[in-house]
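*Asks:* The lines below spell out each chain.
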Amino acid sequence: MALTGLDIYKKLPKTNCGDCGLPTCLAFGMKLAAGQAELSACPHVSEEAAAELTEASAPPIRLVTIGAGDSALKVGGELVMYRHEKTYYNPCGIGLVIEDAMADGEVDERIAQTKAASFERIGQTLKADVVAVRSASGDGAKFAALVGKVNDALGLPMVLMAENADVMKAGLEACKGANPLMHGVTGDNCDAMTALAKEHSCPVCVSCADGIVAAADITAKVEAAGIKDIVIEPAWDSPANTLKELIQGRRAALREKFRALGFPFIAFPCKQTDDTYVETALAGAYIVKYAGIVILGSLEAAKALPLVVLRQNVYTDPQQPMQVEEGIYPINSPDADSPVLVTTNFSLTYFTVSGEIEASRVPTWLIVMDAEGLSVLTAWAAGKFVPDRIAKFVNRSGIADKVGHRKLVIPGYVAQISGELDEELPDWEITVGVREAGDIPPYLKQMTA
Amino acid sequence: MVYSPAAEKYNGEIGEVVLGTDGVKVGGQKVLPFQGFEGEAGNHPIIAIEVLDVEPEGWPEALVEAIGQDVLGDPVAWAKKAQDEWGADAVCLSLVGTDPNAADRSPDEAAETAKAVSDAISMPLIVYGSGNVEKDAEVFQRVGEVLQGANAVIGPVKEDNYKTIAAAAMGFGHVVAGETPIDVNMAKQLNILMTNLGLPADKILVDPSTGALGYGLDYTFSVMERDRLSALLQGDKVLQMPIINNMAKEAWKSKEAKVSAEEEPAWGDAAERGILWEVLTGVALLMGGADVLIIRHPKAADVLHTTIGLLAG
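Protein sequences appear in the order of chains E and V.
The first sequence begins at 1 in this note's numbering and counts up by one.
The second sequence begins at 450 in this note's numbering and counts up by one.
Bear in mind the hints are in silico, worked out from the structure with no lab data behind them.
For clarity, every value in this text was computed on a predicted model and none was experimentally measured.
Any given hint could be a false lead.
[Said to hold, decoys possible] Not everything, but these chain E residues come out facing chain V in the computed CB check (under 8 Å): (1) 251; (2) 301; (3) 437; (4) 439.
All residues carry an ideal CB built from backbone N, CA and C; glycine is no exception.
Sequences are here, hints too, so could you generate the full structure?
*Replies:* Now the structure itself:
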């Protein structure tokens with residue numbers, strides 16, 4: 001049962017020494033209760049109290065690291081059911097599965113797909129960041145060869161899939177130090193797999209055809225054996241059941257602090273359909289609703305791009321607007337005579353405005369000012385998109401070197417600043433543009449007609 | 450430790466709204482989206498195919514090919530194809546041609562098109578205006594009148610024109626789609642205004658404004674989740690209406706859905722990418738609580754239907 005901050009406080013030294021980094025023991029207790037601090041930050045807590053508090057102070061969903069080095073994937077560690085309550089923290093892993101029964105050409109194709117599934121968007125690299133390697137043949141040597149090949153070629157965190165402990169052992173030995181997720185701990189192979197996981201100190205994935213009720217029993221066993229890093233596969237017999245268990249699992253962990261389900265989940269839409277479109281749609285549903293890792297059958301670029309962008313949308317902090325970089329954005333190959341439009345660097349503002357300019361096919365210079373990621377009206381109200389700042393930006397942007405004219409179009413929503421901006425930018429003629437981005441194409445066409 | 454799943458504590462339900470004259474219903478959920486495992490999941494979300502009143506320009510080649518160049522300038526043939534060949538649940542006629550900044554078609558012309566489409570299909574008809582508040586008010590007085598008896602959905606109704614359009618809906622027996630800019634309180638406010646005018650709650654759909662995948666989808670999704678939590682958990686009656694997402698124009702405006710593989714070779718096959726951009730926009734909206742999705746691509750309709758079936762179980 002979850003303890004409140006006050007319950008925890010009663011077991012702390014109550015000296016307010018500040019060694020934990022927080023001013024008071026009560027504040028520390030509150031942080032522990034919210035899963036935002038580790039008990040180990042307090043050097044003075046008694047052993048007895050520490051034992052009692054370990055349960056309550058552990059984060060409700062464990063943060064599990066898969067893989068090693070720079071490419072390591074951290075999943076779990078989530079604190080809310082709905083992203084608007086705070087944010088989701090650790091973007092889910094997305095990857096494809098490669099099997100040892102596949103022909104060499106097919107293996108190479110999937111490795112190439114994974115490498116190619118990498119895209120730049122709003123200053124972030126969005127990519128396939130995990131790969132599953134599955135033993136379909138049941139042959140340890142074959143599995144080991146494939147694991148070694150995939151590891152060498154990609155260096156990405158791997159999910160090793162084999163239910164037979166000997167096959168798994170061969171795979172693990174082919175990628176020492178790679179810290180793969182061992183998939184396939186069931187009621188039957190639990191002891192052997194747990195021993196392997198301890199020997200190689202790897203995270204394990206508990207996977208029961210009967211779903212999370214049965215999985216909870218096994219995670220408890222695995223944990224008792226000393227393995228802390230666990231991932232759970234929910235029921236896979238139907239997408240409806242997978243979604244149900246993803247939701248119920250998250251709820252059990254966060255609301256009821258049910259420890260045996262307090263782990264990230266992995267979903268395999270590749271097991272549920274042969275239709276690549278439907279598979280992508282199911283993966284999308286699992287990305288939105290609580291999967292920590294999603295594994296698909298293939299990841300052609302046309303499939304990978306929408307999936308990684310969906311992940312970016314879901315895991316964006318709702319309180320931190322996405323920003324684009326300040327600067328000059330040439331659209332439709334503008335020249336020295338093309339119009340200059342100014343707007344703010346809120347990503348949505350930028351995308352909407354640039355999209356409409358593109359659609360207009362009118363060559364245009366869009367200059368985007370750093371307004372701390374706020375939209376035009378909000379930035380104006382917050383004093384970030386105001387005449388003196390805009391003037392400084394126009395001067396530092398270098399746009400004057402790109403165009404022969406000195407005409408600047410400002411968004412219609414800040415029409416009231418045009419007079420003052422005129423004074424701040426004496427060389428420039430200020431024009432008030434349209435209020436809605438949708439009206440930009442006719443406006444630009446008329447302007448340049 | 451034996452795990453027994455705890456159900457969410459519900460204190461409200463989404464009302465049912467009848468669309469058209471053939472018994473199609475949306476809403477009726479007593480649980481959060483796709484959580485039929487803990488209560489009455491209500492009606493499945495439906496897929497409406499968008500047809501335009503004027504021939505579209507600048508649509509990606511693969512989309513035009515999938516729809517058929519022959520029907521693009523003919524909303525009646527287009528709508529019949531959506532009904533008979535693509536398995537759509539409804540048709541959305543978008544009167545983009547009435548936009549004063551575009552073809553500026555007259556209310557009478559719009560009404561004629563709407564009537565012809567309505568007469569050609571047996572499934573529910575949704576009619577969306579250009580979004581220009583003054584023009585839409587004029588257009589829907591005529592369109593509402595000629596569609597009397599069709600129990601169509603008309604929209605977008607906004608705070609600046611709700612009096613005229615909601616009155617037309619009441620007078621001629623239609624459902625309205627009330628649009629507010631991605632904001633829970635503004636959605637509530639518009640619903641209150643419209644019900645105060647005398648429009649019954651079961652004649653209202655909520656249009657939360659839709660951002661496409663990569664273009665504000667996160668905002669729309671979270672506002673929809675908050676709408677649904679308010680309606681179902683807090684029992685907020687003024688939000689207990691089904692949600693309609695007018696998503697097609699947004700999804701297909703996205704660069705990622707539009708550009709050719711020659712322009713962006715690293716983005717893969719353009720036809721597949723466009724379909725998936727629309728599908729994943731739709732999937733996220735479904736998870737957020739969409740009851741009606743307005744989409745364009747026949748293949749996306751097919752994939753979304755299959756996906757709804759699989760996830761609803």
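*Asks:* Compare the structure with each hint and give your call.
*Replies:* Verification of the supplied hints:
The beta carbon of residue 251(E) is positioned within 8 Å of a beta carbon in chain V (closest approach about 7 Å), and the interface hint is therefore held. A cut of 8 Å between beta carbons decides the hint on residue 301(E): the least distance to chain V is about 3 Å, and the hint holds. The beta carbon of residue 437(E) is not positioned within 8 Å of any beta carbon in chain V (closest approach about 10 Å), and the interface hint is therefore violated. The interface hint given for residue 439(E) holds, since its Cβ lies 7 Å from the closest Cβ of chain V, which is under the 8 Å cut-off.
Of the numbered hints given earlier, the model fails hint 3 alone.
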